[in-house]
Amino acid sequence: MKKILYVDCCIRKESRTQTLAQNLLKTVNKDIEVVHLKLTNLDLKPLINERFKQREELLAEENLTHQQFKYAHQFAKADHIIIAAPFWDLSFPSLLKIYIENCAVDGITFKSTDKGLQGLCTANNLIYLTTRGGFYQGKPEDQATPYLKHICTFFGIKNFYSIAADGMDIVGHDAKTTLEIAQKDAEKLGKKLFK
171 MKKILYVDCC IRKESRTQTL AQNLLKTVNK DIEVVHLKLT NLDLKPLINE RFKQREELLA
231 EENLTHQQFK YAHQFAKADH IIIAAPFWDL SFPSLLKIYI ENCAVDGITF KSTDKGLQGL
291 CTANNLIYLT TRGGFYQGKP EDQATPYLKH ICTFFGIKNF YSIAADGMDI VGHDAKTTLE
351 IAQKDAEKLG KKLFK
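Okay, so the sequence shown: first residue is 171 according to the numbering used here, each after it adds one.
One should not assume that every hint holds.
[Said to hold, decoys possible] Quick list of in silico lysine to aspartate or glutamate cross-link-like pairs, EDC-like style, CA-CA up to 20 Å:
(1) Lys173 x Glu203
(2) Lys319 x Glu350
(3) Lys281 x Asp201
(4) Lys240 x Asp276
(5) Lys173 x Glu357
(6) Lys172 x Glu203
(7) Lys172 x Asp249
(8) Lys354 x Glu184
(9) Lys223 x Asp276
(10) Lys365 x Glu203
(11) Lys267 x Glu232
(12) Lys365 x Asp201
(13) Lys346 x Glu357
(14) Lys223 x Asp213
(15) Lys281 x Asp339
(16) Lys240 x Asp213
(17) Lys361 x Glu350
(18) Lys267 x Asp201
(19) Lys196 x Glu357
(20) Lys240 x Glu220
(21) Lys183 x Asp339
(22) Lys208 x Asp249
(23) Lys208 x Glu271
(24) Lys215 x Asp276
Read the hints as simulated data drawn from the structure, not as lab findings.
Generate coordinates for the entire structure from the input sequences, incorporating the hints supplied.
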């Protein structure tokens with residue numbers, strides 16, 4: 171059975187980004203399993219101090235089955251990955267960066283070769299869903315989209331898609347219509363990828 175890993179980094183209970191994700195997820199064929207990873211419910215830790223030391227020791231021993239690498243294995247084996255995260259401080263919440271750091275494991279999501287780094291993930295697609303208070307589409311201030319696109323290349327994920335609703339907090343902007351358009355775009359993409 172194919173698997174979608176849904177990485178949910180929505181912080182607010184009434185999240186606009188979450189509505190984009192729900193529109194995408196409702197298109198998923200019943201033959202595809204969705205694994206919902208709610209990052210705010212996980213005990214994610216940054217790679218510092220003892221945790222970093224333990225990781226280095228495990229990698230030196232080539233012990234890739236340790237519990238510390240469970241998120242990396244899950245990420246590497248997914249057929250599709252959906253990341254839903256609001257646009258914060260020109261990027262996304264730090265919790266998502268900590269999660270990605272925990273997924274970036276030499277020998278699981280990528281490997282080092284004599285020709286450089288090679289991605290090992292099996293996912294065909296990574297879909298990034300976000301809502302932004304201002305207008306950042308295609309601007310250098312948007313640090314999230316290019317970062318996630320490069321993560322795809324690094325991990326060997328073939329296709330990157332991004333759907334964003336911009337201007338959600340701009341006074342006088344029709345945020346409702348903007349969100350509805352993005353929701354329709356998410357649904358359209360889901361029908362293309364998950365049927």
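Structure versus earlier hints, numbers of those that do not hold, lowest first: 2, 3, 11, 15 and 18
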